[in-house]
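Sequences listed follow chains P, W, H and R, in order.
Those letters in the first sequence? Residues -14 to 331, by our numbering.
Those letters in the second sequence? Residues -14 to 331, by our numbering.
Those letters in the third sequence? Residues -14 to 331, by our numbering.
Those letters in the fourth sequence? Residues -14 to 331, by our numbering.
Please keep in mind that the hints were generated in silico from the structure rather than gathered at the bench.
There may be inaccurate statements among the hints.
Identical copies go unnamed one by one, so any copy, or any two together, can satisfy a pair.
Each computed DMTMM-like pair below joins lysine to aspartate or glutamate, with the alpha-carbon atoms no more than 20 Å apart [said to hold, decoys possible]:
#, residue 1, residue 2
1, Lys330, Glu282
2, Lys331, Glu107
3, Lys209, Asp112
4, Lys331, Asp320
5, Lys289, Glu18
6, Lys209, Glu107
7, Lys4, Asp238
4 protein chains.
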Amino acid sequence: MIYFNSDYLEGAHPALMAKLNETNMVQTVGYGEDEYCAAARVKIQNACQAPEADVHFLVGGTQTNTTVIAAVLRPWQGVLCAVSGHINCHEAGAIESTGHKVITLPTTNGKITAPQVQEYVEWHRNDESTEHIVQPGMVYISYPTEGGTLYSKAELTELYDVCRRYGLPLFIDGARLGYGVMADGADLTLPEIAHLCDVFYIGGTKVGALFGEAVVIMNPALKKDFRFIMKQRGGRMAKGRLLGIQFDALFTDDLYFRISRHADEMAYQIRDIFVSAGYPLLFDSPTNQQYPIMPDEELAILGKNFGYEYWERTDPTHSGVRFCASWATTQENVDALRAAVQALKK
Amino acid sequence: MIYFNSDYLEGAHPALMAKLNETNMVQTVGYGEDEYCAAARVKIQNACQAPEADVHFLVGGTQTNTTVIAAVLRPWQGVLCAVSGHINCHEAGAIESTGHKVITLPTTNGKITAPQVQEYVEWHRNDESTEHIVQPGMVYISYPTEGGTLYSKAELTELYDVCRRYGLPLFIDGARLGYGVMADGADLTLPEIAHLCDVFYIGGTKVGALFGEAVVIMNPALKKDFRFIMKQRGGRMAKGRLLGIQFDALFTDDLYFRISRHADEMAYQIRDIFVSAGYPLLFDSPTNQQYPIMPDEELAILGKNFGYEYWERTDPTHSGVRFCASWATTQENVDALRAAVQALKK
Amino acid sequence: MIYFNSDYLEGAHPALMAKLNETNMVQTVGYGEDEYCAAARVKIQNACQAPEADVHFLVGGTQTNTTVIAAVLRPWQGVLCAVSGHINCHEAGAIESTGHKVITLPTTNGKITAPQVQEYVEWHRNDESTEHIVQPGMVYISYPTEGGTLYSKAELTELYDVCRRYGLPLFIDGARLGYGVMADGADLTLPEIAHLCDVFYIGGTKVGALFGEAVVIMNPALKKDFRFIMKQRGGRMAKGRLLGIQFDALFTDDLYFRISRHADEMAYQIRDIFVSAGYPLLFDSPTNQQYPIMPDEELAILGKNFGYEYWERTDPTHSGVRFCASWATTQENVDALRAAVQALKK
Amino acid sequence: MIYFNSDYLEGAHPALMAKLNETNMVQTVGYGEDEYCAAARVKIQNACQAPEADVHFLVGGTQTNTTVIAAVLRPWQGVLCAVSGHINCHEAGAIESTGHKVITLPTTNGKITAPQVQEYVEWHRNDESTEHIVQPGMVYISYPTEGGTLYSKAELTELYDVCRRYGLPLFIDGARLGYGVMADGADLTLPEIAHLCDVFYIGGTKVGALFGEAVVIMNPALKKDFRFIMKQRGGRMAKGRLLGIQFDALFTDDLYFRISRHADEMAYQIRDIFVSAGYPLLFDSPTNQQYPIMPDEELAILGKNFGYEYWERTDPTHSGVRFCASWATTQENVDALRAAVQALKK
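Please model the complete structure; the sequences and the hints are all you need to start from.
Okay, here's the thing in C-alpha cells:
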C-alpha cells in the first residue's frame, strides 16, 4: 500500500531528526525560552525580512488558528472566512468554542476577494440592526487554500488594502506555506506575504517537521501578551526547544523551500498522471494537493493499492479525491501511481 | 407618525398593567419562587396539556435562546438552524459566545425540512473526518419563522420524527407563537406544538407583555439544573413575580390567543392593502408580519408618516420591508395606512 | 408574615408605576433608542456631573456585571475581587462562563485595599512563571459591599490611584448605590464615585425600580462597541423604554436619593432593635442591610412571623442573618419587629 | 551550569528516540488512528488492568486537563480542587477559559480530603441560594501533588467513595504519575489508581517522553465523543503516531516504572543533601520534587552553578525552592550538588 492521503504520513525530514538526536541530552529551560527557539526566531525573522516581527512556536494548526483568532478578536466580533476555510469546516468548532462566529463568504476556488470583504463590512455597518449582528473583526485566509489554489500578489495586495481601510487584521493560515511560495506561477515571496498581512503562520507539521507551526506577528498592536494566551490554550510545550530545533533546521540552508519545491514537483507529476488519463480536476491547484474527479468504480480499484483522501461527491457515480505529495514523496511511488492509473484506462 | 415597525412598540396589554398595579405593594420572595409564578406555570401547563412540563420564565428572546441552547448542547456540538434563523442573524453571536456553532441549512421561506436534517446528519456521520467537524447536537426552528411563515402539522411531525430518530432535541423559538397558533390555515394547536418538540418557548414580549418568555421543557432529560444556567446567564429576575403576574394574566380567559388573533386580522388587512395595490410580497405570511416589496421612491414617501422596518434590497430600485401588527394595532391606524398606500398609486 | 429578607420584595415605587401606566400606549422604537432612555441618560449624566459619560441600561445585576467585565477583559485576564464579592459567590459562575477567572483577595469586611491590589499585581509581574498565571486585568468592588459596608473617600481614592498606576480599570458594582451614598458617615457623593472609577452602575432593581441597572462608562477607552456585547448577552430589552422611563423617574426630583435615605433610616432602627437587645452584628453596616447574630432558637421563634435571609453559621448554636430595609419598608412593620425582638428577651 | 529546575530539561529517553528514528519513514494515517497508537493503547490497558478503558493521547498537561474537564462538566458546574492545584495556579486560566470555575479547597500539603469534599457539597446543596452558586460537578486531584506528596490508598479510597456518593467524577492529574507509583512508601499501584477514579492521565512529558500524556477513561459514561473535543481543543496531532510510538516504548519492559524509580532515588539523595545540611523542607515529598528552604544569600551562591526553581518566599530572608530529579539525572550531577551544598556550610 502506498499512501498519498496527506502530507503528514511520515515522521520528520532526516535533517530535523538528526538535530533532535544530536541535542537530545542537552539541558535547557522550558516553554520556548531556550537558545534553540531564540536562534530559530532570528532565522525566521531574516527569512521574512521582518526583524521586528514576533515569532512564536505552537504545536499544530487548529491550536494555532484558535489561539491567534482568540487573541485578536473582542467578544462580540467574528472572523470573515471563505465558506471552505479550514476553521469553518475541519476544526470541530474550535473557533466557536472561543466564543466567536466564523462569518462565511461564498467561494468556488477557496479564495475570497477584496470586494467581497468590502461589501460585507459596508452592509454590516449600514444595516439598521448593526448592533444585533456579529461585528466582523478580522479576516482569515489560507495560502495555499484548502483546494491548493493561490492568491496572486495583486489579489492579496487588494485584499490587505481593504482590510486596513476597515481596520480588520488579516491573518494568513500558512499550514502549507512552503508549497505555495515554491509553486509554479506563484508571484509572492515569503517576505512579501509577511508584509501583506498582520499575522500569519509558517506550517511545519505538513512541511517536514514532526509537528510545529511558527506564528509571525507583523502588526505591533497584536503582539502584547500573546504568550499568556498561548499558555492558556495549551500551546506552550514544556520542552519548547523541540519546536526551536526543528524550525532552526528548516530555516537553515533553505531546507524549508527546497523540500517544498520537491513536493510541488512531485505533485505536478501526479496532476499530469490524472489529466493525461482524462480525469478532470476539482481545483486548478499549482501546489502539493491535487484533486482528480474519478468514477467510483475506478477509485475502488485504485484504492486497493493506493491511499487517497475522499473529498466530495460530484455526481452519483463520481467523486473528487485528494492526492498529496510532500517532502517525503518518492519518484518510485509516483511511478507506481502512474502505472496504476494508466492501467485503469486499458 | 404611525409605527408598524414591530410588535413591541407599546407597553403591555392593559389587563397586564392592571394586574401589575394591583399587586405592586404585595411582598413576595424573589427569583421566581413566588405564588404568581407558580400559578402561571400551572395555567401554561394546562394550556399545553402538559402537566409534567417544566415552565421557566426569562426576560427576552436572545437570553432565552442562548440559555436553552447552552443548556442542551455539549461543548463539541452545534445547533442546526435555517440560514435565516434569528439565532444565526440577529443575536449578535450570542450562541457562538457560549461556544457553539450555528450550523446553517439553506431555506427560501424560513423553514427547514426533515430530509434536510436527515441528510446533514447522515453526511456528518459518514464523513471520514467526522470528528473534525462540529457534531450536530440539536435542531432549532422558529414558529412562526422570521418571515412569518408556518410549519404544517405534517411538516413538524416529520421533522420531529427525524430529530428523535437521530437523538437531536428539537427546540422551537416561539417568540411570536400566538400569532402562529391563531393564523388562518394554521393546523397546529398549542398542545400539539408542545408535544412535537423537546423544548419551546411562548413569547410574551411580542405578544402583549412588557417583557417575558415562558420556556416549556417537555423532555424530562432536559429539565435537570435548568435554573442554575438561567441564573448564570443573568436570566433570573430578582422580582421574578413580574413574569408570573404577566403570564398569569395572558393565560387567563384566553387573553393570549385573543390578542394574537386580533393582530393576525389586522395583518391580513395590511397584506390586502399592499397586494391590492399591486405590490408583491417577500414571504407568503399568514401571521402578523407582512413583507411588501416596494419601489424605493414610494417607500420614501410612505416613510414620512409611517414607520416600517427595512428588510432587504431586492433589486437596485426596490426593497422588501416589514409591516407588523400587534395586540395594540388599531383599525384607525390601519385605515390611515390604506389611504396612504392607495394615494401612492394615484 | 412580614418580610425583611431583601430589598426586592415589592414592585416599583409608585412614581415609577405611575409613569409606566401613563406612557403605556405611546409608540416608541425599541432597544433603548427611544426618547425616554435619552432623557434618563441626560439626567444620570447630570447627577454624576459627567456629561461625557456613556449611560446604558440593563435588566439585572448578574447580567450587568457579566457584560461589563466581559467587555473590559482580554481572554487571558481575570478580575480582582474580594473573596466575598457578589461575582465570586452568588452569580452561579457567570463571570467564569465568559472565560475569566475571578481572582480573590481576602477580606473580613467586604472591602479590598489599595496595598492588596498593588501587592498582588507586583507578585504576578515578578513571578518567574508570570505567563502561566492568569493576568489581573481589572478590579471589581461593590459599594456598598455585600456586608453593607462602605469605602471612605480616602480608601477609594487610594485604590483608584493604584488601579490607574497599573493600568487596571476599576469597576464599581452599585446594585445598592443609593443606600451607600445616603448613609450616615458616607463621605462620597455620586459625582465623586463616578470620577473615582472607570465604570460603575447605579442599581435600580434594589432601589425602587421593577428592574434595571444603569451602567455609567467614565473611561472613554471602554465605550466602544458596548451595545454589541449588551445585545450578545441578552441585555438589550426590546421595550428598552421601560428602563428609560423608570430611571427618568428615579432621577427626577432626587427620588433615587430620597427613597434610599428612607431605607437607611429604617435600617438604623432595625440595627438599634437588635443592638439594644444585645445581639452582636456580623458587619458594621451603615446601610440598608443589617446582620444580627442570633441564637438559632430565637431565630426560629422570630421566623414564624418575620422573614429574614440566612447568611452564615457563626457557631453551633448561632447564626448571622440579614434584615433589609428598602424604599417600601414601613414604620409599622419596623415597630412590629421591635416588639417581637423585645418579646424574645422576656 | 547544572540544572535541577524541572523534570523536562532534556529531550526523550534514548529508547524512545531510537523508536522514533526507526519508524521515521514509515507511512501511517494521521490523528492517532495508526497502529502504533493502537499498540500503545493495549499496553496501557494491560498495565492498568483495565481492558475496557478508553485511552487517548494528548500533547501536554494543560491541554489534557482542559480537555478532560471541559468534556465532563456542564456549563453551570465547576471543578473542586486544592487551592494549590495546577489548574488553579499555573495554567493561565485554561479551565476558566472553557467557562468553568475552579472551586478551591484549602490545603497545606497539596491534598484534599473526603470530608472536605463532602462538607462542601452538603453546604452547597443546603444553601438557600444554591442555584446562585456554582454547582460542584467533579473533583480534580494530582498524584503526586504539586508539592510532591502522595495520597495513601486509604485516603484515595475514602475520597472516591465520597465522589461516587455525590455523583462527582474524580479526575487524577498524573503528570508525574510514575514518580508517585514508584515512591518509597507509596501503597497504590497503577491498576489501583485506575480503579479508584473515573478518569486520569499518565504523564509522559515529565517522565521520559519528548511530550505526551495518556488519558485513561475508566467511567463508561465519560467515553462518548471524547475525540470530538480533543480535536476542538487542538489536541489531536496530525502525526498522532508520535504519541503512540513513545507510549509504546514507555510501556515496554516496564521502562516507565524503571526510569521513574531512578528519578525517585536520585531525589532521595537530593533530599538527604539538604536535610543533612540542616535545611528544612517545604513539603514532605517522597517523590522526584524536593523543596528545601534556604537563606537567600546561600541560594544566590548555589545559583551560580546550579539551576533550581523558585517556589515561594517563606520569610524576609528565606525562600522555598524546588530541585527536581528525572529519568535523566546523573549520579555525577547529584554528587556535584552535594559538594556545593556542603561547601555552603563551611
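Give me the numbers of the hints this structure contradicts, sorted from smallest to largest. 2
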